[in-house]
Structure formats: structure tokens, C-alpha cells
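2 protein chains.
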Amino acid sequence: MERYPVRFVSLGPGDPDLITLAAYKALQKCDLIYYPTTISPSGKTLSRAEDIMLTHGINTAKFRPYTLPMRKDRTKALEVYEEVASRCKADYRAGLSVVVAAEGDAGFYSSTHYISDILLGQECPFIYIAGVPAFIAASAVGGLSITRQDEELQIIPGNATTKKLQEAMAQERTVLIMKLSRCESIVKEFLTKEDVAAMYFEHVGTADEFITSRIIEDIMPRRFPYFSMLWLKPKRQ
Amino acid sequence: MERYPVRFVSLGPGDPDLITLAAYKALQKCDLIYYPTTISPSGKTLSRAEDIMLTHGINTAKFRPYTLPMRKDRTKALEVYEEVASRCKADYRAGLSVVVAAEGDAGFYSSTHYISDILLGQECPFIYIAGVPAFIAASAVGGLSITRQDEELQIIPGNATTKKLQEAMAQERTVLIMKLSRCESIVKEFLTKEDVAAMYFEHVGTADEFITSRIIEDIMPRRFPYFSMLWLKPKRQ
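Those protein sequences? They're chains A and B, same order as listed.
Take any residue in the first sequence, note its place counting from 1, add 5, and you have its number in the numbering used here.
Take any residue in the second sequence, note its place counting from 1, add 5, and you have its number in the numbering used here.
Among these hints, one or two may not hold up.
Same chains, same label: a pair holds when it works inside one copy or across any pair of copies.
Cut-off 16 Å, straight-line C-alpha distance, at most; resulting in silico cross-link-like pairs (EDC-like, lysine to aspartate or glutamate) [what the hints assert, rightly or not]: (1) LYS169 to GLU157; (2) LYS169 to ASP155; (3) LYS34 to ASP22; (4) LYS184 to ASP155; (5) LYS168 to GLU189.
It is worth saying that the hints were derived from the structure and are not from the lab.
For reference, chain A alone in the conformation it holds in the complex (with noise of 0.2 Å):
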């Protein structure tokens, strides 16, 4: 019997149209996609891979949505994760082409990583389908080149402190903060007290989508949603 590895497929970071060639072909020649959903607080199904494949028409009978429970506790999502792997190895046992969905780029800052480690470990063979992180997306949209020639970029995934960013700015790094809502105080004092560039992102790619570089008008009134990001350099002398 012919056996297909399992393929972990980037979508992008929300419009459609930054899917890949590679990916889209992926999900239209398979049997089977899993891929996330959450549950809002009213009870509504939301997930932006599903909006994502649906924008490119593809086959709903392929859908195996899972769930992710919102919860800080992960012991859950951790069982979701073992479920959705498990169910990828029997598949992929009995033949059938399969596609792990991802939203931005399936290698960074994914948590697709929780299933592709348990098939590393199972005999089950995968393979990553890059694609367009949100970072790269947003710096798009704001019309920046986010680094040029010999310039360091240090991205911080939410856990931003003082002191990092005091030790990258005196480096003359460019940062990248992501997840702002867990470091919004940290973020806005060090924004206050320090003179650097700065362009702040939200949402990019939805309806709400804000993007600012005006630090004190813009930025510093704002409450940071989990979707936002914020590129910092020093400035120059």
C-alpha cells in the first residue's frame, strides 16, 4: 500500500491570498485536513484556517476541525494535540493523504510543533509546507522593511522584561515584540522613559486592523490585544 507522509501545511497569516502555491495544492490534493477552532465566549465556532480554506473553495468533506480549549491551564490542549496525532498516524497507517492546517508559517510560533513532536517519535514521517509568518505580513502591510544589511533582529515572544529591551537597544538590535497583551505595562513604561522608533500592529490582516507609529497619540492610549505586535530600533544618533 502506497503511504503518504503526513504534511504540515502553513496557510499564512490571515488574507488568503498570502496562502503559497505549495500549500494550496497541498490542501486541494489530500484526504483529509485537521485543523484548529476555538470557542468564543458566546459559543460561536471561529477559526481563521477554516476561513482561510473556505475563501479557496476547498473541499468541506476533507474537514476535521479540533478544538482548542482557551485555557492558561494547557493540560487539555496538550490531550487535543495527542488526540489529533494519534488520529494523523492511523490515517496515514491506512493510506490516506493528510494535511495538518497552520495558520502564518507552521514552524514558528506554531503550536502544530506538540503534534508533529509525539509522530517524531511514533514511525509516523511529516513534512513542513512554509509559509508567510505574521511578522513578515505585518511589516508588509506597514509598509516597513523590517531589517536591512548588518542589522540583528531579536523577536520576543510576549515575555518582554525592561532589561531586555534596554540590552538590545544599547546593542543597536531591532526588536520584535509579539503577544503584547502579556508585557503591555512593561512595554508602555519602556516607551515612555526611552527615545526609539516604533510601529505598533494590531490585528493585521482583519477588519480591525491598526497600524501606528505615533508612540504617545496612537500607541500608548491603546489597550494591547494578544493579536499585536510592536517593532522597535534604536534611534540614530
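Given the coordinates of chain A, assemble chain B onto it according to the supplied hints.
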């Protein structure tokens, strides 16, 4: 007369199918495409950008290659960018739809920013279309989740120093060094002395692709070419 902003379009990292649908559509629906070529020592014209566009059957009548000199002195290259910017502006004013194509992502260590910087001062509007950067594609080919959960990533474009690498490891940052040929001896000395996890990528997406995590056996004996990168991570105690 209708006018169209100049579009800086990301072609992806080399594998033609890693172009986005947005970029593919932009190449099809435009009047002119500017893109870089280089001349090899044997006099052959080389252009990954052109190779990607030819694979996708883009009409060659639109092709407007510009030749970048491969010299350390960047004066001549800057003149070429000035010339391209000036042609883009003239095309824009004439109502033509113009694309400036770039490998990888056009905002991530891409030299096309020289062109957009000039346009910025010349009342010629432009937009960026995001793409897959080479490091994301390399990680995917290597089956690597490049970053997870709270891990920070520091990207160093060839100007690595022992101190930078030691500090990053001490602070548990994951490091990606690009343009490895520029810091070969420093990196090799570091790999000999420090106990780190590493993955090495060379010519990813081409026929010469080589990927390994075997430091002593595979990485140390190699001469690092320009298109190589190294992923480093502190070993967990």
C-alpha cells in the same frame, strides 16, 4: 489618468511553489517587472528571480532585468538602484502598473529597500506584498520548528561575534546566523568550544541543498558559502 502604486513583490526563497497567490497574481497583472541579475565570473547571467518567474510562465515581454555588480564597494550598486527607482517613477507617472520583484521576502534583509527609500522621497506611492523568507523555508525543509512558546529568536546577518553568541546562549535565546561565509572562523571556533544544539543549512531550495545537525562530522569540515545559515540553541540542562 489612472495610476498604480509600485508593488514590491516577494517571490519566495527559490522553490517556485513557495510564491504566494498574491505575488503570483501581481506578476500576471502588471505591465513591467524589474528584477535583479548578476553576472558570474564566466560571464553567465544569473537570476533566481527570473528562474522563478519563468517557471510560472510570466510573459517575458514584461521583464526589465537590472544588473547588480558583485563588488564590496557598493557605489555602483547604489547607482543601479537610483536608476531603477527613477524608471519606476517615470512608469508610475505614465500610468503603468510596475512590479519590483525580490527573492525571499521583500522587506526582510532585501536590498530592494534602496529602491523604496528613494521612492518615499519622490511622491511615488508603493506597496509591499509579503513572502516566505529563506530562513522560514530552510527550517521547513529541515523539519525544524524554529521557535516555540516563549523562546526568543536572535537573527544575525553574518556579523556574528563570539561575545554575541555567548550572550545569546547564556540568555537562552535561539540564534539564526545568515550569510555564514562572513563569520566562518568565529562560528567554527564557537562550535568547537560550546556545547550547543545546531542545524546547518546550505543552498536550501536548490540542487545543491545540504542540511545537517552533525557538528563535528559534517559542519566543521565544510567551507561555508554565502547562502548558508546556522541555527543554534542552548542545550537544555
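Consistency of the hints with the structure:
| no. | hint | verdict |
| --- | --- | --- |
| 1 | LYS169 to GLU157 | both (14 Å within a copy, 11 Å between copies) |
| 2 | LYS169 to ASP155 | between (20 Å within a copy, 14 Å between copies) |
| 3 | LYS34 to ASP22 | between (18 Å within a copy, 14 Å between copies) |
| 4 | LYS184 to ASP155 | between (26 Å within a copy, 10 Å between copies) |
| 5 | LYS168 to GLU189 | within (15 Å within a copy, 31 Å between copies) |
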